[in-house]
Amino acid sequence: MAVAVGRPANDELRNLSLSGHVGFDSLPDQLVNKSTSQGFCFNILCVGETGIGKSTLMDTLFNTKFESDPATHNEPGVRLKARSYELQESNVRLKLTIVDTVGFGDQINKDDSYKPIVEYIDTQFEAYLQEELKIKRSLFNYHDTRIHACLYFIAPTGHSLKSLDLVTMKKLDSKVNIIPIIAKADTIAKNELHKFKSKIMSELVSNGVQIYQFPTDEETVAEINATMSVHLPFAVVGSTEEVKIGNKMSKARQYPWGVVQVENENHCDFVKLREMLIRVNMEDLREQTHTRHYELYRRCKLEEMGFKDTDPDSKPFSLQETYEAKRNEFLGELQKKEEEMRQMFVMRVKEKEAELKEAEKDLHEKFDHLKRTHQEEKKKVEDKKKDLEEELSNFQKKKAAAQLLQSQAQQAGSQQTKKDKDKKNFFFL
Amino acid sequence: MEGELVQPAPEETPRDANPANVGLELFGYVGIEAVLDQMRIKTMKTGFEFNLMVVGQSGLGKSTMVNTLFKSKVSRKPTGPGYEERIPKTVQLQSITHVIEEKGVKMKLTVTDTPGFGDQINNENCWDPIIKYINEQYEKYLREEILISRKRKIPDTRVHSCVYFVPPTGHWLRPLDLEFMRRLSKIVNMVPVIAKADTLTLEERAEFKKRVRGLGRESVYPQEDFDDNSDDRILNNKIRDKIPFAVVGADKEHQVNGKRILGRKTKWGIIEVENPAHCEFPLLRDLLIRSHLQDLKDITHNVHYESYRMQRLNESNRLALSPINGLLGKDEVESDL
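Protein chains in written order, with full-length UniProt numbering: chain A, 1 to 429; chain B, 1 to 337.
Zero decoy hints are in this set.
Simulated pairs of lysine to any residue, SDA-like, Cα-Cα distance not exceeding 20 Å:
(1) B:Lys106 with A:Gly23
(2) B:Lys73 with A:Asn15
(3) B:Lys42 with A:Glu223
(4) B:Lys45 with A:Asp25
(5) B:Lys242 with B:Glu207
Pair ranges (Cβ atoms, derived):
(6) A:Ala127 with B:His171: 54 to 60 Å
(7) B:Met310 with A:Leu331: 23 to 29 Å
(8) A:Val230 with B:Gly258: 56 to 62 Å
(9) A:Lys65 with B:Met310: 42 to 48 Å
(10) A:Thr227 with B:Lys73: 43 to 49 Å
(11) A:Tyr255 with B:Lys103: 49 to 55 Å
(12) A:Glu75 with B:Met310: 41 to 47 Å
(13) B:Pro276 with A:Lys65: 52 to 58 Å
(14) B:His171 with A:Glu131: 46 to 52 Å
(15) A:Val230 with B:Arg143: 43 to 49 Å
(16) B:Lys103 with A:Thr240: 40 to 46 Å
(17) B:Asp37 with A:Leu129: 29 to 35 Å
Derived from the structure by calculation, the hints contain no laboratory data.
Cβ atoms here follow ideal geometry from the backbone N, Cα and C, with glycine treated the same way.
Bound-form chain B, shown alone:
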């Protein structure tokens, strides 16, 4: 490490009276890169927060999917014959928070479920409670941020990613799906998946994806506008080619070739969840957790939260707000969506 010569930074502008950002060559090792380790240590100490929302009709396997993603019993599934009575009359939101730890990294995971979505006969405006919830989290964060003496670390309850489960009809996206995705992709990172993909053959899957991709294309995650550099773009293009992922969820393990593997056992075979040839669950997991988790949080903070804040501050310039009117203003925001 001693005496390591480094290539000079790409911009070496000539000196003038007020040089700004001149690239310099280092004659030896300074130790600047130690700041990466310092940052790593600090973040591991404070821990991370991640808020996930799953939306879809009942019976599409949302809870199973979440359990498979995080390899633990995150959601309690409704089971048993008494389930019929439990379908709620309106969309409700249920949040469960857990702390999970892996190799010293602590994560506070919050999963918000939406039972009742799309289950009624008349599903008009069933997305309203969801939009309201998401905006409420933004509002909470905004209030904390505006305070004069504010906390060192503002608790982050904003929804970082919304996984939308599309039923595997094999035909087209339904109007409900289109409406929902259109409205929500403006305020939250939307990741659509084809649920229960084991009912589609590979050809049917490809056909469905082709049809679906044309229609529901607008700004699902990862959005093209936010690619930082060409490496990102190449990576994200690969992902965008495969969206929506066809996933299968399972939380039971079975014996396959002498190994315990997560999968669904049927009379005609075992569908291995983690096998990329069988379903695209690994892609979803990699996107959500292994490679793009921080990116999801960043885009939520820098893009969606900022646009909410901008709308909110702009409109309160026009209205004179009292505490009650404050909520009125929010409703107007929603109607703009």
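Okay, chain A solo, but in the shape it has when bound:
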């Protein structure tokens, strides 16, 4: 029962003409002032093999030194390293986060190389989604960590894209704005570069990889974006060292055969990249991330969790009902599992008891058997003992008798000897 709101008969929006200066033309300025006081967030993901020049390019792009140690080549897997910096230029504060893929392309088996990257991007989306779904939330001072731009560094082979590149880009194109760039472009000659670029673009198109399209719907930027798009992918050279050229110091790489100037448009496309990435389209990159990639992720995630938008009956707060339903389902499952586990436990206990009983019985039997054996042995031993005693007593008797005889014999003998002695003595006498 909505409140009856009266509207005029012709409900279309009328354009009114103002008869004086009202002052709301300051609205964009008000908005911009608010944003400057809050500051901006921008997050770049750099995907590329180790040693391809990612850190150097970041240093060159933002005209500063983001200190980091170069990675080694023997990482066991791909991991992502994120670093946040605060940059300030005039009155604009930028919270820049640079995410590096450490160890990309170094393994022997690169099947899973893309997985940590996709996981990282999803984690950032998930964090934002969680914050958005909270009951008590504070979105306006939430530090946005979603990746706004992904710079994909293509190795300057001069031939075509590697299959690792194709696979990774295909996995990332629906999650993040991909801007492919050719790194270390000073190793490719100009005519080869042209062929290389067209080969790359045609491969991307034929494989259905959706890279970031510079927006052409706005008159102010349409022209510059259209002309720049022709030069995709940008062939860049990065350098933080300055070389004296003419009478100025400018960033360049010095070789024995010449100097490659970073900011010279004839030498490389660095200036174009900087224009496109920072000076013209930074806001659009942020908006695309929020309205396209994040919404896609949110939709998939919510659908996967089981929420549906609407049949007209269940429209209001389908979120809440589905939550309840899911929760009950989950609790039901929990209970079932608990029952199962309890039953299993009881069964196991029974089994164990039975086993133990068996063992006890066995033991008893053994014990009885042993006892019997022991008794038999004892009896045998007693019998033997008796026999032995008998023998002993017999022996004693025999001994006694023998001794008697012997003593008699001795007596007779000793008499005889005495007689002999006497005889002898008689004779001698």
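Starting from the known structure of chain A, arrange chain B on it as the hints suggest.
Then chain B, alone, in the frame of chain A:
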């Protein structure tokens, strides 16, 4: 612009294994500030929306005020002797939407009028339809926001500011005024003004304001809690000292000193609407349009809408909602106010 050295950002924390938010010095011009222009262009392309509500007894000059603010015939005023019959029996809400453009900036302006407010003999709960309307707009926005496939730009019909017209009695705020302001300042940005201030002399005006300021002080816009930084606070304090503004509305032009000026012509002189010595209309216009329009929208979105959303989601945790009960829940919200 080349080679412009910038002072380093205020926080330069020492590096450790996981440095977070390290301030760095830029060695040359990068071009980050171009993002401001990009933002400006984008917002000018999408345009703005602003929803204003005017509340007050009939005859206090609400429609005239709106027309004066936006310098065009936004509201159609009831005129003529047949007006008596048109006072409605209950409070009704009438919304009119226009698109106005100035220097390339397009704004979709919606003005909601409340005829019948405070006009009955028994004015109990005459604020209920208004509160219901405001909450309905929040509800609409919330539904859109919860959808799985939602629109790129959710149409914003939430009331960004409510201008309450206080009759210039010169004494105190009436109970109706106090009740209304107390209830509504919790859910919407409330800007009270003293209507038809040309009936008060300057001294009477100062007296009235002094009395009124003590009573109706709670959280009228700009609320003290939402001052972002000290600059804002200084500015807002100046504004808060002058609230409520004593305004006069006029949409006819007259000749004054050879210039065409908006004003009210009376036998004893011409009251110039845009003259700060005569009335405080310029202050109101500056607050609403020139300086705080974006702030009004932001506070509506970040504070009032969020608290509505929080209440709504919390209570639906306790009730099991079916489509019909959904509205029941809302009524409970209102009774909490």
